[in-house]
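What the sequence shown shows, in the UniProt record's numbering, is residues 1 to 250, in sequence order.
To be clear, the hints were calculated from the coordinates, so they are not data collected in a lab.
As the structure is a computational prediction, the values presented were derived from the model and not from experiment.
Cβ atoms here follow ideal geometry from the backbone N, Cα and C, with glycine treated the same way.
It is possible that part of the hints are untrue.
[What the hints assert, rightly or not] Here are the computed distance ranges between Cβ atoms for each label pair:
{"id": "1", "residue 1": "Arg133", "residue 2": "Ala102", "range": "21 to 27 angstroms"}
{"id": "2", "residue 1": "Glu116", "residue 2": "Gly157", "range": "43 to 49 angstroms"}
{"id": "3", "residue 1": "Thr198", "residue 2": "Ala102", "range": "45 to 51 angstroms"}
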Amino acid sequence: MQSHERGHLVYAAGGVLAVHTERGTSIVPANRAAWTPAGFTHHHRAHGDTDMRIVFLAPSLARLLPDHPAVFLASGLAREVLLALTGPRDHDGAAPAYSRSARSRLLRVLVDELREAPEQPLHLPEPRDDRLRAIARMLQENPANNTPLAELGTTIGASTRTLSRLFRNELGMTFYEWRTQLRVYHALVLLADGHDTTQTAYACGWSNPSGFIAAFTALIGTTPGRHRTGRTGFDLSAGGRAWGRAVPQG
1 MQSHERGHLV YAAGGVLAVH TERGTSIVPA NRAAWTPAGF THHHRAHGDT
51 DMRIVFLAPS LARLLPDHPA VFLASGLARE VLLALTGPRD HDGAAPAYSR
101 SARSRLLRVL VDELREAPEQ PLHLPEPRDD RLRAIARMLQ ENPANNTPLA
151 ELGTTIGAST RTLSRLFRNE LGMTFYEWRT QLRVYHALVL LADGHDTTQT
201 AYACGWSNPS GFIAAFTALI GTTPGRHRTG RTGFDLSAGG RAWGRAVPQG
């Protein structure tokens, strides 16, 4: 766990990242950028062979981005700026030695691009209520658990109406929306570890691959198969290894 005096962007040029804060987990598949404001305690976790890039922002630029953790789709221009600031794709050389004024201009372009990009629905909020936490633990341990909310409520001693209200008021979404996002997060991890679409669908609780493909595509913007084979040329069978570059804070 760590925190920084400056807000920072984490970019997944390849692989899948998760950024955990006290607010919840931001899921960062390839070509997304996760924003963590200054002062948020957090940690990163890589799934698959992950090419992680980090860019710190001065307060004058950070104030232009949300005051909460968020995930953005990186446009082609934003992606090239991130790669230019943090070094070449093949890691054979150091990041270009831009002058301070040139780096400032590139960072402003990057922030402008992200301000134009809609926030991605890839932030899974962390429940605070003990009853919701109990449900979250059950589903995190077994994403394929298809127990209806009413039965889960019976297990923890809360009514369906109470739990539905808590999900809306505390997490800003329905139980089924939250569970779908949780499952897609686990799906991204399984795909990064080399599982195919059918295996992943059943492991994450879908009764058939077509339902999984539809839900995954709605959240990620591409099918599981294209995401798995198209996001990177790395061998994704060796889970958990990450490498990356960071722009200095100065």
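Inset, instruction - Give me the numbers of the hints this structure contradicts, sorted from smallest to largest. - result: 1
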